[in-house]
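Residues in the sequence shown are numbered consecutively from 0, following numbering that gives the first Met the number 0.
For the record, the hints were derived by calculation from the structure and aren't laboratory data. No residue lacks a Cβ here, since even glycine has one placed at the ideal position from N, Cα and C. Keep in mind that the hints are not guaranteed to be accurate.
Derived lysine-lysine pairs resembling DSSO-like cross-links, with alpha carbons at most 30 angstroms apart [to be verified]:
{"#": "1", "residue 1": "K46", "residue 2": "K58"}
{"#": "2", "residue 1": "K67", "residue 2": "K43"}
{"#": "3", "residue 1": "K124", "residue 2": "K67"}
{"#": "4", "residue 1": "K116", "residue 2": "K84"}
{"#": "5", "residue 1": "K58", "residue 2": "K116"}
{"#": "6", "residue 1": "K77", "residue 2": "K46"}
{"#": "7", "residue 1": "K84", "residue 2": "K122"}
{"#": "8", "residue 1": "K43", "residue 2": "K123"}
{"#": "9", "residue 1": "K46", "residue 2": "K84"}
{"#": "10", "residue 1": "K46", "residue 2": "K122"}
{"#": "11", "residue 1": "K77", "residue 2": "K123"}
{"#": "12", "residue 1": "K46", "residue 2": "K123"}
{"#": "13", "residue 1": "K46", "residue 2": "K124"}
Label-pair distances were calculated between CB atoms; the ranges are [to be verified]:
{"#": "14", "residue 1": "N11", "residue 2": "D66", "range": "20 to 26 angstroms"}
{"#": "15", "residue 1": "P88", "residue 2": "D52", "range": "46 to 52 angstroms"}
{"#": "16", "residue 1": "R89", "residue 2": "Y25", "range": "14 to 20 angstroms"}
{"#": "17", "residue 1": "A23", "residue 2": "D66", "range": "34 to 40 angstroms"}
{"#": "18", "residue 1": "Q129", "residue 2": "I18", "range": "43 to 49 angstroms"}
{"#": "19", "residue 1": "H98", "residue 2": "Q6", "range": "56 to 62 angstroms"}
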Amino acid sequence: MPDQKPQSSARNIAILLTILFVLAFYVAFTAYNRSVWILPPEAKLVKNPLTLDTAAAAKQILPVYLDKCAECHGETGKGDGPQAKMYDPRPRMLTDAPHLSTITDGELYYVITAGHKPMPSYKKKLTDEQRWQLVMLVRYFSHTLPPSTK
0 MPDQKPQSSA RNIAILLTIL FVLAFYVAFT AYNRSVWILP PEAKLVKNPL
50 TLDTAAAAKQ ILPVYLDKCA ECHGETGKGD GPQAKMYDPR PRMLTDAPHL
100 STITDGELYY VITAGHKPMP SYKKKLTDEQ RWQLVMLVRY FSHTLPPSTK
């Protein structure tokens with residue numbers, strides 16, 4: 000009988016260490032995925048080079064948006080796409096006018112271009128023009144203009 004106590008104690012320690020490891024992994028994973036998007040200050044100053052009307056740009060880019068973005072952001076930008084519930088934090092609502100009215104076109108372009116987990120980068124997947132058109136589509140969804148950068 001004395002042999003069972005050391006085995007039981009070792010087993011309990013192994014279980015405790017496993018639980019601690021899983022908790023540490025979960026905390027690290029959650030912290031990594033919830034990290035704040037830190038944008039370079041110069042992104043704020045970048046102006047959209049496209050001169051298209053916002054509605055015209057939105058119409059042109061909508062098929063690309065539906066293919067690349069709607070799975071998470073939803074067909075109308077409400078953050079309610081079929082994959083949205085899989086992510087924490089959830090995809091941004093592209094209809095959130097109070098928030099988007101504080102974000103410049105350059106900042107939106109940077110986010111689309113660089114991505115940030117879980118959102119992928121579109122630098123190599125979309126042309127510069129397509130990414131700028133997506134910025135205009137976000138403006139269309141949210142009925143906002145970029146803030147003044149003066």
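**Study point:** Hint consistency between K77 and K46 [alpha-carbon to alpha-carbon, up to 30 angstroms]
**Key:** holds, 25 angstroms
**Study point:** Hinted pair K46 and K122, Cα distance within 30 angstroms
**Key:** holds, 17 angstroms
Point to revise | CB-CB spacing for D52 and P88 relative to the 46 to 52 angstroms hint | key: Violated, at about 32 angstroms.
Check your understanding: Taking only the CA atoms, is the gap from K124 to K67 under or equal to 30 angstroms?
Key -> holds, 9 angstroms
Review point. Straight-line Cα separation of K43 and K123 no greater than 30 angstroms?
Key: holds, 22 angstroms
Review point. Are the Cα positions of K58 and K116 separated by 30 angstroms at most?
Key: holds, 28 angstroms
**Study point:** Given pair status - K122, K84, alpha carbons within 30 angstroms
**Key:** holds, 25 angstroms
Practice item. Please work out if K67 and K43 have their alpha carbons no farther apart than 30 angstroms. Key: holds, 24 angstroms
Check your understanding: Measuring from beta carbon to beta carbon, are R89 and Y25 in 14 to 20 angstroms?
Key -> holds, 19 angstroms
Practice item. Compare the distance between the alpha carbons of K116 and K84 with 30 angstroms, and conclude whether the hinted pair is satisfied. Key: Holds. K116 to K84 sits at ~15 angstroms (cutoff 30 angstroms).
Check your understanding: Between A23 and D66, does the beta-carbon spacing fit 34 to 40 angstroms?
Key -> Holds - the Cβ-Cβ distance for A23 and D66, about 38 angstroms, lies within 34 to 40 angstroms.
Check your understanding: CA of K46 to CA of K58, is that 30 angstroms or under?
Key -> OK: K46 and K58 at ~21 angstroms, within 30 angstroms.
Checked against the numbered hints above, the structure breaks hints 9, 14, 15 and satisfies the rest.
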